[in-house]
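Participant: Sequences and hints are given; from them, build the entire structure.
Sequence order for the protein chains is A and B.
By our numbering, the letter at position 106 of the first sequence is numbered 106, and the numbering carries on one by one without gaps.
With positions in the second sequence counted from 1, the corresponding number in our numbering is that position plus 1000.
None of these hints come from the bench; they were simulated from the model.
All figures in this text were calculated on a predicted structure; none of them were measured in a lab.
Even for Gly, the Cβ is constructed at its ideal location relative to N, Cα and C.
Treat each hint with caution, since some may be false.
Stated by the list, open to error - Computed beta-carbon distance windows for the label pairs:
1. E1048(B) / P94(A): 24 to 30 Å
2. P65(A) / G1155(B): 20 to 26 Å
3. R68(A) / T1244(B): 21 to 27 Å
4. A52(A) / G1074(B): 19 to 25 Å
5. T1244(B) / D79(A): 30 to 36 Å
6. K127(A) / R1151(B): 21 to 27 Å
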Amino acid sequence: MDATNLPGPGVVMVTAASTAFDTVASVVDPEIPVLTIDELGVLRGVREEDGAVVVTITPTYSGCPAMRQIEDDISRALDRAGFTDHRVEVTYQPAWTTEWMTEEARGKLERFGIAPPTAVEDVRCPKCRLGDPRMIAQFGSTACKALMVCSACGDPFDYFKEH
Amino acid sequence: MTESVVSGAPQGMPVPETIGKRGWLLAHADDNLILAHRLGEWISKAPELELDIALGNIGLDHLGVARSLYQHLGEEEGKSEDEYAMGRTDREFRNMLLVEQPNGDFAHTVVRQFFFDCYQLQLWPDLAGSEDEVVAGIATRANKEAAYHYRFSHGWMLRLGDGTDESHDRAQVALDDLWRFTDEMFEGEASGYRQAWEALVGEMLAEAGLSRPEDPYQKTGGRIGYHTEHLGYLLAEMQWMQRTFPGLEW
Chain A
1 MDATNLPGPG VVMVTAASTA FDTVASVVDP EIPVLTIDEL GVLRGVREED GAVVVTITPT
61 YSGCPAMRQI EDDISRALDR AGFTDHRVEV TYQPAWTTEW MTEEARGKLE RFGIAPPTAV
121 EDVRCPKCRL GDPRMIAQFG STACKALMVC SACGDPFDYF KEH
Chain B
1001 MTESVVSGAP QGMPVPETIG KRGWLLAHAD DNLILAHRLG EWISKAPELE LDIALGNIGL
1061 DHLGVARSLY QHLGEEEGKS EDEYAMGRTD REFRNMLLVE QPNGDFAHTV VRQFFFDCYQ
1121 LQLWPDLAGS EDEVVAGIAT RANKEAAYHY RFSHGWMLRL GDGTDESHDR AQVALDDLWR
1181 FTDEMFEGEA SGYRQAWEAL VGEMLAEAGL SRPEDPYQKT GGRIGYHTEH LGYLLAEMQW
1241 MQRTFPGLEW
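Facilitator: In structure tokens, the structure reads:
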């Protein structure tokens, strides 16, 4: 075999980075396990730097306590996938927004019982999809959610705040 | 006070020459840290479970803002965020006096929060256009959070002011007590802040049936490290673990 046809170091690195990306992108949010950090928009990038995998994430809310957990989960996932040299960096710019959430992710949230981010007046009950929900607590179980109740079925539900 | 735009500070944002960019970053980081600590003091003893969660959540947002500003400063100075929060004495803190005032009753906490939210609603939109992109990113996020905090504090100002005689009187006492710390918010900030802040507060007062306190003596000094006695006690509680076991980590 002609040695020049072998994939060069550049090719190998790209492959490694994309595998690392797949590994990191499959990490789920600890509070909302139906969504991956990629679908949530928390994952901003995975790159290879001097043989190390560098993952960039951004917080949803300034004080989101899940950030540390997410960092640990990313490290563990990379360890398991065989990447020994890696680190996680946090970036603040650009600021996270719920606009980054895909339609698919919104559908998953709704099926999980959490009303996806939209203007408060457009929120519909993720269970019966009828009625006119009202907010009962502006601050809910996590920084990114509020608590609403459905006027038709009477069920309370989490609403992922538009941000 | 002489004002100038210090390199690295947000564009169009006057920073007093006496404090510089470092003092300016510290001032805003300290405001958020100290208020976060005060709000955290409510956890497990707020009037209702919903308020417990709300005050804790608002505090977390402020804590997050403080951490990101300390980290940003720390990158330039080679320090960790903990060194700023846990390793400085009261004279080295640059927060405004308002945020270190004790929680008092629920009305005092709500008034303090409302004053601060109205102030941050002026601050963050300006900083979102900062030429320092880290500050801009922090401000963009914090601005949305401030708007959400404002909904909470504004809603409660109306309920307290326009509620029972008791709640009205307590809200008025809190307004009268805390008004003397409001001038300090505008020290070294853009001149339009005061007017916009007064407009938001005035609108609330009219709707809640509360009155604007007579202009009392104004207490300042936090930005240069002269604090009220309350900060020392707060720091003693916040810092004791790091003071006892320096460098301790989870």
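Participant: For every hint, state whether the structure bears it out.
Facilitator: Hints, verified against the model:
Take E1048(B) and P94(A): their Cβ atoms lie about 37 Å apart, and the range 24 to 30 Å is violated. A hinted range of 20 to 26 Å for the beta carbons of P65(A) and G1155(B) is consistent with their spacing of about 25 Å. The hinted range of 21 to 27 Å is satisfied by R68(A) and T1244(B), whose Cβ atoms lie roughly 23 Å apart. A hinted range of 19 to 25 Å for the beta carbons of A52(A) and G1074(B) is consistent with their spacing of about 22 Å.
Between T1244(B) and D79(A) the Cβ separation comes to about 34 Å, which falls inside the hinted range of 30 to 36 Å. Our hint of 21 to 27 Å for K127(A) and R1151(B) holds, since their Cβ atoms are close to 26 Å apart.
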